[in-house]
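Chemist: Each chain, letter by letter, is given below.
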Amino acid sequence: MLEHGIEALWQSMGIANLEWGQLLMVLVGGLLIFLAVRKGFEPLLLLPIGFGCILANVPVAGLAENSVGQLLLGGKPEHLNELAQLLGVPLSEVKAAAGHANGAALSAAKALAHNLGYEPGMLYQFYDVAISTGVAPLLIFMGVGALTDFSALIAKPSTLLLGAAAQFGIFMTLIGALALNVFPGFDFTLADASAIAIIGGADGPTAIFLASKLAPDLLGAIAVAAYSYMALVPIIQPPIMRALTTEAERQVVMSQLRPVSKLEKVLFPLTVLLLCLLFLPSAAPLIGMLTFGNLLRESGVVDRLSKAAQNEIINAVTIILGLSVGSKLQADKFLSVETLGILALGAIAFCVGTAAGVLMGKVMHRVSGGKVNPLIGAAGVSAVPMAARVVNKVGLEANHHNFLLMHAMGPNVAGVIGSAVAAGVLLAVVGG
Amino acid sequence: MLEHGIEALWQSMGIANLEWGQLLMVLVGGLLIFLAVRKGFEPLLLLPIGFGCILANVPVAGLAENSVGQLLLGGKPEHLNELAQLLGVPLSEVKAAAGHANGAALSAAKALAHNLGYEPGMLYQFYDVAISTGVAPLLIFMGVGALTDFSALIAKPSTLLLGAAAQFGIFMTLIGALALNVFPGFDFTLADASAIAIIGGADGPTAIFLASKLAPDLLGAIAVAAYSYMALVPIIQPPIMRALTTEAERQVVMSQLRPVSKLEKVLFPLTVLLLCLLFLPSAAPLIGMLTFGNLLRESGVVDRLSKAAQNEIINAVTIILGLSVGSKLQADKFLSVETLGILALGAIAFCVGTAAGVLMGKVMHRVSGGKVNPLIGAAGVSAVPMAARVVNKVGLEANHHNFLLMHAMGPNVAGVIGSAVAAGVLLAVVGG
Amino acid sequence: MLEHGIEALWQSMGIANLEWGQLLMVLVGGLLIFLAVRKGFEPLLLLPIGFGCILANVPVAGLAENSVGQLLLGGKPEHLNELAQLLGVPLSEVKAAAGHANGAALSAAKALAHNLGYEPGMLYQFYDVAISTGVAPLLIFMGVGALTDFSALIAKPSTLLLGAAAQFGIFMTLIGALALNVFPGFDFTLADASAIAIIGGADGPTAIFLASKLAPDLLGAIAVAAYSYMALVPIIQPPIMRALTTEAERQVVMSQLRPVSKLEKVLFPLTVLLLCLLFLPSAAPLIGMLTFGNLLRESGVVDRLSKAAQNEIINAVTIILGLSVGSKLQADKFLSVETLGILALGAIAFCVGTAAGVLMGKVMHRVSGGKVNPLIGAAGVSAVPMAARVVNKVGLEANHHNFLLMHAMGPNVAGVIGSAVAAGVLLAVVGG
Amino acid sequence: MDSNLMLEGVGLMFLGMGIVFGFLTILVFTVMGMSALTARFGAVDHVEPSSHPPAAIDVSDHRQVVAVITAAVARYRASRGA
Amino acid sequence: MDSNLMLEGVGLMFLGMGIVFGFLTILVFTVMGMSALTARFGAVDHVEPSSHPPAAIDVSDHRQVVAVITAAVARYRASRGA
Amino acid sequence: MDSNLMLEGVGLMFLGMGIVFGFLTILVFTVMGMSALTARFGAVDHVEPSSHPPAAIDVSDHRQVVAVITAAVARYRASRGA
Ligand code: NA
Ligand code: NA
Ligand code: NA
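Quick mapping for you: the protein sequence lines, in order, are chains A, B, C, D, E and F. Taking my numbering, the leading residue of the first sequence gets 98, the next gets one more, and so forth. Taking my numbering, the leading residue of the second sequence gets 98, the next gets one more, and so forth. Taking my numbering, the leading residue of the third sequence gets 98, the next gets one more, and so forth. Taking my numbering, the leading residue of the fourth sequence gets 2, the next gets one more, and so forth. Taking my numbering, the leading residue of the fifth sequence gets 2, the next gets one more, and so forth. Taking my numbering, the leading residue of the sixth sequence gets 2, the next gets one more, and so forth.
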């Protein structure tokens, strides 16, 4: 048994099993960590995602595999035989058959593997608990609600329209994804295209939540694209903002926002929830948790819970969520031309969303008789608070005394609501 | 498919599906939030419960439904057929049959729905993980233990008898619940009556724990009643206290409590645990976690863990617990005459418990030769620390220099142990 | 039914059911708590373990039993009959048969008990979620990574060899465990022996992780031994260190360590991970989480997450982990001659590991031309940071100006990596 | 088939943007109405200080916070002295 | 049937109050005994300062606390200065 | 059988110690190489201060920390005054 042991050990070594794809994905993971650590690209998410990516591609270990995957990876021949028998295929096709199994067959295969003593890998368990259930992105959304001050939006509700316009990036991307199907190698369903499109929402938890429901296989690429482009907002947005506005428009100084009462702040999340209940129940998980977190914050009577949502819970969940997303960056799923398509579409999504927001800003500029600086429309893509800061910066370039930050916060947080609404529409129509 | 999409979207809108019951429950949820935020009614629990109530009654979304409920809500005809076939009923009766399924049939129906791709709603998942398992109320009880100083009780153990007497409210309520069965519309089993009775324990986690074991369908109403009346303690108790005591009794000044050594504080939770082990193992989960939390606190060597139990854990669990309890406030379960009965019985429970505590206080007043102020008996209902503060306030009315707060803390924390013991009895006899 | 109730209550009392073994285990739990609280023996773990031990041995309650165990404990006769039928044994043998069931039979028995309404006990649930899955020890290992500063090791990587040598304690113990099989009452398999051997790693989470995979039944004894001996390091190590070194060797003053750059600290965890990926994927869960935690710490861009890993997460997980380990201290499993063997082997493991580390230190002393103080080899067993402090203390005895603490930190943290590597080898060869 | 899918996508785009704009426009007016109502009943805008601090579980909070801060400040001073 | 249930309820009431009083009465005496024993062995009532701080995982705690507090106090001052 | 198991155990010991030493020896050299490379590119050793604080979710963090500390210090003082 010892020779068998040594042989087993050698067979268990990474270098004896490392595939090119896995090596490439390890480099991708390293790149994500590099971007997070050295370039400050959304490190709270991209560092765990990058690390999870490396772990998911450790050969043999199968950290991102379910119990059936573990059986396939290191299973004894008799166990593989049992699995083949269960799936009704010859032994040579068991791997492919298991990969395509779903519904009752997958459940049965998992039960068999579990009874034979194979347990799912660590990252798979994280994914199963945190993302499959939808719980992790929703808890993060609750934390976002508890961290967000909607005052600017309440003071000037018309900025909600800027948050609406910027969602055009989502739907243009949807068209783009379907258009890509004319190229060989692309075969996006309407569900796939919808999941990809949500990148244009510029909102991480919403993107992860929707992708986990509509296209789990693409989740890794979608999350990476969403967070990467959010980090690139300061580079992507300014040229578009400058191209679409005149110097005079950019110089517009906006009047100070009125103060907002505590009661308004308490009623705002309840108002949003009520409208969601009446008109778009499919957005209820997202809008519900966002407004719940915000109510914890604004009610003023549950500071313990508000702080927990803003700190302990969001931090712990972010760690698990990041590793779980990373688990979807397995070579065989990520290394495809579709991923390149998703990355390209993501860039388009941000550009179109920004442009749509700015154009809507120009409309409001006209309608308001010049009181609205169209730049703030760019903040409608969300990417809170980076997009608002970018608006402020571009505004300052045009007029050194023009601080647009607070005015951009309105469309900025409106964009969060807007993309949750868009996600609700996609879930209702495509996910039904 | 697009027309189908629009049709699906309209069908998916809340206003097209909102039932009267759901609308009413949304108002109930709003009322709970109002009481929590504006009136300070136990906001840590009632705010999440109220919000969970609204979410649970969002039409179509089915946030509080299990996977079978999701299938029934939005399932394709062929899937409904499969379910009907599984349950052995015609298609027209599948909803009713699924609602009554339990045991193996329910397991099979859930497996079918899961294999067909239906996933339980967010709130159902929270409930399933947090309350069905009993874990959330027990973790909160651990936190209560870590937050509670039993010194006053150790200094004067005889006050435990006051905590015992106040549990009479529990058992009178049990009789009351059974008596209600003479009215049409009421059909409480012994298990139902026991779960309702525990409201008299004036202890939230104990009530939720017991109700989840004995009468899950009534859990929502029971939890709402328990926390609401706990918030009303300053209004409910004083008249009863004044009616049952003489001015002279209320003026009794009690001698200062002796200091308690650190060793006593460490041994106290172990002592309680040991008695529970010997005499009432069915109370072991509750008493075990309470004394564990208290040992973390008093041992002085695990401050990291004690602080975690008092803060991070209890806060995070409270959020999930509150939303989970709210998920049980679905219209079809909550809107019944039984709920009104539970609310009425809850009021009786608090009144009887207070009265029994005060009367026992009078007994101790006599026996001790006038050294005990009978008011402190009212604190025996627990509702820590509100009941003790009420005692202090009523005592100060009678004698402006009579601070009873510390003396009332003894029966107050004794009431926590007392109601856990009562819960253990009910579990052993009724839950067996 | 009331007489039945009283009878049921008496039958449900602890004193009517307390077995000698349970009483003994309650005393063992009390002893662990005493050692934790009064003697400062690793209280963060031993206090929860001790408390969990008492809870697991509460008679009747079955807090550490799965749903099948609950059925056996308090099941109705007809349910016991169903179980016997399922297992294909007569009613009289159902207890034994259920105890030995595994694989598909166990799954079926659990499903039956669940469908009949029996739910697993609280501690069993904790164990199932926290340890069976491997998640809790891995999250603690992440926290250890986030709390550990590897600077000393990076400054002097050759000290890794001291961490390697000290793992000899592990493999000698493995031989010892197999040798015990010559005595009646011992029947350790290679998996059992491997799980026991890991005590020599002097690393709690690694020991719990490996034992949960290779020998869950022995996990309680292994964890207790590991943490107890870690607390005894200041007593166990010094005599061995003095016996194996000369006064002159102990007086060696080592040159100050070079400063380590931030970039090195960031690259170190990635380097370790890469080697693990290439050469020992079976250690990937342990090494992965350790290096992930360390990267969170050193990257400097995710302080929120690093603090969460060091505090909230590790504290909450420690509480659950401790109680879960305690649940494995049930009388029928713990009270056996094998436990005594494990305790004896654990002592050997620490002694041999210490000796091997010191001897390797002597080799490095020679090779380096006397620059290395051989005492620091003793820190290679890990037991961070206690072993390093012991080295410092023994060094100071020999030379009052000889502060070895920083030099001992290198081998000390190397020992953590070393035992994770050893665990990986054992998993690959034995667990395959 | 493909052009069919494309058509569906375009339809979804119009539908989606319509609903997003519709929903947020309704929200604009609802928030305006809410603010107007709030302003009218502005007198009640101060949460009455609840006479009874509500949280049973907060019983020892205050003392703990003080203790934690005391310890923290002491350590901070010690660390400055060191 | 109903009156039967009622009878059971009354029985449960007596049983329950009996056990609650019984349990807590035993607890009264046990706690008294525990306190008496404790007083007798009062000399050992001070936890000996453990010579070795026990928590392996606490290694960098102190430094971190100091760092956190230092940062916090600095921010506090900055915020006052602002 | 038993001696067979013993043999396996001895084999596992040699294998295990071999791999532990092998792995850690490779690690020694890799870390040395890493440090050498790092020293060569030491000029880039300072993380460029990212012009955009990255965390969307940190938006209100600073203000909260200040608020918490302010409150804490106020309580601390109150507790000293008391
Ligand atoms: Na958005
Ligand atoms: Na009570
Ligand atoms: Na070690």
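Do not rely on the hints blindly, as some may be mistaken.
Cut-off 30 Å, straight-line C-alpha distance, at most; resulting in silico cross-link-like pairs (DSS-like, lysine-lysine) [to be verified]:
| # | chain 1 | residue 1 | chain 2 | residue 2 |
| --- | --- | --- | --- | --- |
| 1 | A | Lys136 | A | Lys173 |
| 2 | B | Lys136 | A | Lys359 |
| 3 | A | Lys207 | B | Lys207 |
| 4 | B | Lys362 | B | Lys459 |
| 5 | A | Lys136 | A | Lys362 |
| 6 | C | Lys362 | B | Lys207 |
| 7 | B | Lys136 | A | Lys362 |
| 8 | B | Lys362 | C | Lys362 |
| 9 | A | Lys173 | C | Lys207 |
| 10 | A | Lys207 | C | Lys207 |
| 11 | B | Lys192 | B | Lys430 |
| 12 | C | Lys359 | C | Lys207 |
| 13 | C | Lys173 | C | Lys207 |
| 14 | C | Lys362 | C | Lys468 |
| 15 | B | Lys136 | A | Lys207 |
| 16 | A | Lys207 | A | Lys362 |
| 17 | B | Lys404 | C | Lys468 |
| 18 | B | Lys192 | C | Lys404 |
| 19 | A | Lys404 | C | Lys136 |
| 20 | B | Lys207 | B | Lys192 |
| 21 | B | Lys404 | A | Lys404 |
| 22 | B | Lys359 | B | Lys207 |
| 23 | C | Lys207 | C | Lys192 |
| 24 | A | Lys207 | C | Lys192 |
| 25 | B | Lys359 | C | Lys362 |
| 26 | A | Lys136 | C | Lys404 |
| 27 | A | Lys192 | B | Lys359 |
| 28 | A | Lys404 | B | Lys136 |
Calculated from the structure, these hints are not laboratory results.
Chemist: Evaluate each hint against the coordinates.
Modeler: Do the hints match the structure? See the list:
1. A:Lys136 / A:Lys173: 46 Å, violated
2. B:Lys136 / A:Lys359: 15 Å, holds
3. A:Lys207 / B:Lys207: At roughly 16 Å apart (the allowed maximum being 30 Å), Lys207 (chain B) and Lys207 (chain A) satisfy the hint.
4. B:Lys362 / B:Lys459: With Cα atoms ~29 Å apart, Lys362 (chain B) and Lys459 (chain B) stay inside 30 Å; holds.
5. A:Lys136 / A:Lys362: Answer violated: Lys136 (chain A) to Lys362 (chain A) is near 36 Å, above 30 Å.
6. C:Lys362 / B:Lys207: Roughly 50 Å separates the two Cα atoms, so the pair is violated.
7. B:Lys136 / A:Lys362: Holds - the C-alpha atoms of Lys362 (chain A) and Lys136 (chain B) are around 17 Å apart, at most 30 Å.
8. B:Lys362 / C:Lys362: Measuring from Cα to Cα gives roughly 45 Å; hence the hint is violated.
9. A:Lys173 / C:Lys207: At roughly 26 Å apart (the allowed maximum being 30 Å), Lys207 (chain C) and Lys173 (chain A) satisfy the hint.
10. A:Lys207 / C:Lys207: 16 Å, holds
11. B:Lys192 / B:Lys430: 15 Å, holds
12. C:Lys359 / C:Lys207: Cα-Cα ~52 Å, so violated.
13. C:Lys173 / C:Lys207: 16 Å, holds
14. C:Lys362 / C:Lys468: Since the Cα atoms of Lys362 (chain C) and Lys468 (chain C) sit roughly 25 Å apart, the hinted pair holds (cutoff 30 Å).
15. B:Lys136 / A:Lys207: Answer violated: Lys136 (chain B) to Lys207 (chain A) is near 51 Å, above 30 Å.
16. A:Lys207 / A:Lys362: 48 Å, violated
17. B:Lys404 / C:Lys468: 45 Å, violated
18. B:Lys192 / C:Lys404: 49 Å, violated
19. A:Lys404 / C:Lys136: Violated - the C-alpha atoms of Lys136 (chain C) and Lys404 (chain A) are around 36 Å apart, more than 30 Å.
20. B:Lys207 / B:Lys192: Holds: Lys207 (chain B) and Lys192 (chain B) sit about 14 Å apart, inside 30 Å.
21. B:Lys404 / A:Lys404: 15 Å, holds
22. B:Lys359 / B:Lys207: Outside the cut-off at roughly 52 Å; violated.
23. C:Lys207 / C:Lys192: Holds. Lys207 (chain C) to Lys192 (chain C) sits at ~14 Å (cutoff 30 Å).
24. A:Lys207 / C:Lys192: 28 Å, holds
25. B:Lys359 / C:Lys362: With Cα atoms ~44 Å apart, Lys359 (chain B) and Lys362 (chain C) exceed 30 Å; violated.
26. A:Lys136 / C:Lys404: Distance ~21 Å between Lys136 (chain A) and Lys404 (chain C) Cα, so the pair holds.
27. A:Lys192 / B:Lys359: Violated, at roughly 63 Å.
28. A:Lys404 / B:Lys136: Holds, at roughly 21 Å.
Violated hints for the displayed structure, listed by number in ascending order: 1, 5, 6, 8, 12, 15, 16, 17, 18, 19, 22, 25 and 27.
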